[in-house]
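Residue numbers (the working numbering), protein chains in the order written: chain A, 4 to 368; chain B, 7 to 613.
Because the hints were derived from the structure by calculation, they are not lab data. You may find that some hints are simply not true.
What the hints assert, rightly or not - Computed from the model, here is a short list of chain A residues facing chain B with C-beta under 8 Å:
#, residue
1, 173
2, 188
3, 244
4, 247
5, 252
6, 316
As the list claims (entries may be wrong) - Within a straight-line C-alpha distance of at most 25 Å, the following computed DMTMM-like cross-link-like pairs (lysine to aspartate or glutamate) qualify:
#, chain 1, residue 1, chain 2, residue 2
7, B, 63, A, 361
8, B, 413, B, 482
9, B, 230, A, 63
10, B, 406, B, 292
11, B, 17, A, 131
12, B, 190, B, 70
13, B, 601, B, 527
14, B, 223, B, 162
15, B, 172, B, 113
16, B, 17, A, 63
17, B, 230, A, 130
18, B, 138, B, 298
19, B, 17, A, 361
20, B, 243, B, 298
21, B, 63, A, 35
22, B, 138, B, 113
23, B, 188, B, 150
24, B, 435, B, 423
25, A, 7, A, 86
26, B, 138, B, 150
27, B, 17, A, 130
28, A, 181, B, 602
29, B, 488, B, 403
30, B, 477, B, 247
31, B, 258, B, 605
32, A, 136, B, 70
33, B, 190, B, 421
34, B, 344, B, 292
35, B, 138, B, 15
36, B, 63, B, 127
These numbers come from a predicted model, not from an experiment. Glycine is no exception: its CB is placed at the ideal position from the N, C-alpha and C atoms.
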Amino acid sequence: MISKLKQLPYSVIFLIFLITSLGVMMLYSAADHNWHPWASKQMIRIFFGICLMVVFALTDLRAWITYAYSLYFISLILLIAVEFMGKIGMGAQRWIDLYIITIQPSEIMKITLLLALARYFHLTPLEDVHRFKGLILPLMMVFVPCALVLRQPDLGTMLILAGASFSIFFTAGLRIWKILTTIILSLISFPIIWNNLHGYQKQRILTFLNPENDPLGAGYHILQSKIALGSGGLLGNGWGQGSQSHLNFLPEKQTDFIFSMYCEEFGVMGGLILLFLYIVLLGYGFWVTLRSRTPFGRFLAIGLNTLFFLYVFVNISMVMGLLPVVGVPLPLVSYGGTAMMTLLMGFGLIISVEIHRDQRIGRHS
Amino acid sequence: MVNRAPPPDDKIVFSRRAFILGAAQAGLLSMVAGRLIYLGGIRSSHYQTLANDNRVKLQVILPDRGRLLDRYGVVLATNQWIHRLLLQPEGRSLLKNIFPTLQSLVDLSHTTLKDLEDLRENTPRHMPLIVKESLSWEEVCRCEMHLAQYPFLSVERGQRRFYPIKDGASHVVGYVQIPNDKDKIAPSFMGISDFRLGRTGLEKALDEQLRGTAGFKEIEVDAKRRIVRTLSVTTGKAGHDLTTTLDFDMQKKAYELLEPHLSGAIIALDVHTGAVRICASYPSFDNNLFTEGISHNAWNALNTNPYTPLHDKAIKGQYAPGSLFKMVIALAGLKHGKITPQTDFFCPGYIEVNNHRFHCHARHGHGQVTLERALRESCDVYFFESSRHIGIDRIEEMAKLFRFGQKTGILLPGEKEGLLPNRDWMREKNQRAWTLADTILTSIGQGPLLATPLQLAAYTAALANGGYSVKPLLLDRDSPEKSFLDIDPKHLSLIVKSMHQVVNHPQGTARNSRLISPHGEMAGKTGTSQVRRISKRERESGVLRNEDVQWRQRDHALFAGFAPFNNPRFSCVALIEHGGGGSRVAAPIVRDILKDLLDKEYNDQQT
């Protein structure tokens with residue numbers, strides 16, 4: 004155990020701590036120079052999250068692969084439970100209220116699905132991956148939770164689940180032409196998907212295409228976000244000096260649009276620095292992926308890395324108007340419990356892959 | 007083992023694909039970085055502007071509206087501080103629930119919940135609702151006591167236009183009103199509760215000067231449009247106080263004299279400067295009714311009043327001038343030599359033209375009449391005969407000199423120009439040629455000929471001041487505009503002498519209205535403006551006296567006078583609608599007015 008502790012990448016942990024601290028700073032500013040109601044709670048979460056991260060990191064990889072499917076099924080059941088018992092928040096049925104804490108099954112699903120996929124492809128030889136037969140099961144494993152999540156409705160989470168899963172399929176050797184076929188199929192099925200979207204989701208896509216169309220309604224968020232972000236200029240207005248956020252022109256400033264507020268106060272320079280920190284983290288994950296000597300580790304790491312990438316990319320693109328508003332938080336910075344926990348658990352797993360990179364796990368179940 | 011096993015295929019595949027993924031991710035993130043630099047770098051100033059647009063708003067500060075004063079400084083229109091009860095935007099949805107509370111705080115007996123709900127429909131969402139204007143002091147205290155309980159209610163202090171004289175000079179002074187959509191007011195002004203636009207009278211004519219220049223406040227607001235702080239203040243300029251030429255005391259006196267006669271107008275001018283001392287139309291109304299929005303009932307009452315209080319008879323009432331027009335005929339005749347001071351005609355009480363009889367007002371006629379007597383005793387036949395010789399064209403020419411058929415150009419809006427008929431007019435309007443009968447009617451100021459009391463007063467002034475046309479002035483600071491009328495002074499002096507005899511000669515038609523004053527005597531002319539045609543049958547049975555006819559069918563009574571005769575100072579015209587005879591009703595009024603005007607004037611000069 005002690006040797007494992009020595010192997011913990013303290014620089015990476017520090018990097019994570021740095022990013023989360025930036026988040027806390029922004030939450031302090033967002034609450035008008037107040038630790039309450041956001042900054043203080045966030046710090047507690049960070050603390051517990053990092054502890055959890057370390058626990059995950061120290062856990063043997065073999066334990067993870069053993070329980071991968073069980074964990075997957077548990078989260079699937081919880082996800083189904085949400086359908087029936089869910090507590091409604093922000094227009095989407097996503098939470099289970101257990102009176103003490105609230106659990107967001109879709110968040111947990113992100114980890115467990117990747118664990119399950121990693122295990123599956125670890126056990127599947129390449130030839131089977133090339134054949135359609137080998138893909139049926141993993142596709143089902145992805146499809147079911149995605150459908151449930153979409154019904155909640157939570158388009159953002161669904162896309163991230165699908166995207167991260169795709170990275171595992173892709174690196175496992177999925178044939179290119181199959182990918183192309185899928186793309187074409189989804190384009191064809193687009194009208195069906197369109198009809199299944201809720202009104203506000205359709206509105207968001209339309210607004211995304213032209214936010215100025217409805218500046219007071221659906222386009223308001225994007226417009227205000229760009230205004231706040233752009234008005235910061237290169238160096239920003241200064242910590243705590245963001246007028247748009249402080250005068251409440253910027254909505255969701257502590258969650259989805261926290262990046263805009265950050266850029267309003269710290270400018271493009273601040274934004275690029277944060278982006279750079281994220282890139283370093285992604286690089287670490289990538290480095291871990293290449294170093295692992297077991298497929299399970301590799302798949303798990305790339306899946307989690309892609310997950311993290313998608314959070315960063317989707318949120319920042321969204322606040323800059325490059326993507327429609329889909330409710331994806333900025334990782335490690337946005338105010339929010341379950342997302343933070345999930346990400347830190349994910350990093351714990353990545354670190355676990357790194358620590359246990361030399362382990363050899365059999366490829367036959 | 008010597009040979010190393012080749013790396014498994016799937017690892018190669020994995021690595022290759024992982025790199026592809028990595029490259030794709032790097033590419034996407036560079037795009038993100040690029041966009042970030044674009045928005046925050048290149049487009050930064052654009053967003054800065056939008057950010058400021060969001061949070062900085064301009065609030066207009068309304069300047070004090072200038073006052074209107076009479077020549078002695080009596081206040082005709084001023085501003086009053088008032089308090090109003092406002093329901094802030096946050097409380098708009100609670101209107102129904104808090105209506106009883108509102109009723110307990112202020113007197114809402116004239117407002118229903120529906121009235122307030124309608125008001126809410128018409129008020130923009132971010133603006134407060136005016137629950138009640140002009141709170142009494144008691145109401146203000148009551149509200150202030152309870153404001154802490156109701157954070158969405160507030161008491162605002164504002165200014166209201168106030169007319170202390172109520173109905174003394176309503177038509178001339180005019181009133182202000184809340185602007186409506188047709189007025190094309192900039193949106194930033196529409197939101198201000200105190201902003202009013204002059205709608206009639208001097209309030210309208212002088213609106214721009216009375217309004218002043220607005221000031222501005224730059225304020226910072228949050229997303230709910232609540233004011234966070236003031237960034238800067240630019241002061242404006244208060245409107246100018248303006249002094250009119252009116253004499254309010256005399257205006258009031260004019261009203262008192264008109265009151266028993268139910269409907270009429272009085273104008274009094276300074277004959278040399280054109281300054282308007284009196285411009286009164288009776289009945290009148292309380293201007294204050296309009297400033298906050300007149301109630302339905304009040305409006306209906308004014309509109310349906312048979313004596314038309316809303317109609318300014320002094321400048322808009324158009325009447326046949328009757329015998330007042332005879333001086334024009336006389337001057338036209340003298341000018342072209344068609345008559346002389348010695349020319350006489352025989353008046354048997356009528357003349358016959360083309361089988362039609364035109365009657366003189368004296369049933370049995372005047373006998374031989376010369377000009378002086380014709381004017382003094384207002385013989386119609388003299389003018390019938392002379393007009394036959396003079397012809398309508400020359401009459402029209404002389405009338406035009408005295409500005410009949412043209413506006414006087416007084417400062418007030420809505421002045422009417424009367425009507426001076428001529429050959430072209432007859433052809434156009436009635437599709438026939440001008441006939442002798444038309445000339446004959448015109449010679450005694452009847453027929454289609456029309457003039458306003460103001461025009462008649464200006465015309466009288468021109469006769470009195472030695473032959474200058476003067477423009478009626480209402481503002482103290484305006485300079486007189488006089489133009490010399492090319493009239494032979496000998497002719498004018500004969501006319502004026504005859505007018506003196508109208509009042510002061512034992513046979514003058516206004517002999518019962520002599521002005522007894524140390525300052526001089528009055529001269530003038532009586533007139534009766536016919537309203538109905540007297541039928542032949544009536545003539546045979548005996549023309550009904552005005553008193554025996556229904557009010558609406560009686561003739562209008564007119565008198566135009568000036569004084570002092572030796573050194574004319576003021577001209578005055580009185581019109582009594584359906585008053586019957588000019589000498590009986592209108593002349594005494596003019597006499598009383600002129601008497602007081604002269605007394606005041608000469609007392610002023612002594613002190």
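Now the hints, each set against the structure:
1. 173: holds (6 Å)
2. 188: Violated. Min distance 21 Å.
3. 244: violated (12 Å)
4. 247: holds (5 Å)
5. 252: holds (5 Å)
6. 316: Nearest chain B Cβ about 6 Å off; hint holds.
7. 63(B) x 361(A): Outside the cut-off at roughly 65 Å; violated.
8. 413(B) x 482(B): holds (21 Å)
9. 230(B) x 63(A): violated (54 Å)
10. 406(B) x 292(B): violated (37 Å)
11. 17(B) x 131(A): holds (15 Å)
12. 190(B) x 70(B): holds (21 Å)
13. 601(B) x 527(B): Within the cut-off at roughly 9 Å; holds.
14. 223(B) x 162(B): Given that 25 Å is the threshold and the Cα spacing comes to 17 Å, the pair holds.
15. 172(B) x 113(B): The given pair, whose Cα atoms are some 24 Å apart, holds under the 25 Å limit.
16. 17(B) x 63(A): holds (22 Å)
17. 230(B) x 130(A): Not OK: residue 230(B) and residue 130(A) at ~62 Å, beyond 25 Å, violated.
18. 138(B) x 298(B): Satisfied, since the Cα-Cα distance of roughly 11 Å is no more than 25 Å.
19. 17(B) x 361(A): holds (15 Å)
20. 243(B) x 298(B): The given pair, whose Cα atoms are some 24 Å apart, holds under the 25 Å limit.
21. 63(B) x 35(A): holds (22 Å)
22. 138(B) x 113(B): This hinted pair holds, its Cα atoms lying about 8 Å apart.
23. 188(B) x 150(B): violated (37 Å)
24. 435(B) x 423(B): holds (17 Å)
25. 7(A) x 86(A): violated (41 Å)
26. 138(B) x 150(B): holds (14 Å)
27. 17(B) x 130(A): Satisfied, since the Cα-Cα distance of roughly 13 Å is no more than 25 Å.
28. 181(A) x 602(B): violated (111 Å)
29. 488(B) x 403(B): holds (19 Å)
30. 477(B) x 247(B): Holds, at roughly 23 Å.
31. 258(B) x 605(B): holds (16 Å)
32. 136(A) x 70(B): violated (87 Å)
33. 190(B) x 421(B): Given that 25 Å is the threshold and the Cα spacing comes to 24 Å, the pair holds.
34. 344(B) x 292(B): violated (52 Å)
35. 138(B) x 15(B): Distance of about 86 Å is beyond 25 Å: violated.
36. 63(B) x 127(B): Given pair residue 63(B), residue 127(B) holds - Cα atoms ~24 Å apart, limit 25 Å.
Violated hints for the displayed structure, listed by number in ascending order: 2, 3, 7, 9, 10, 17, 23, 25, 28, 32, 34, 35.
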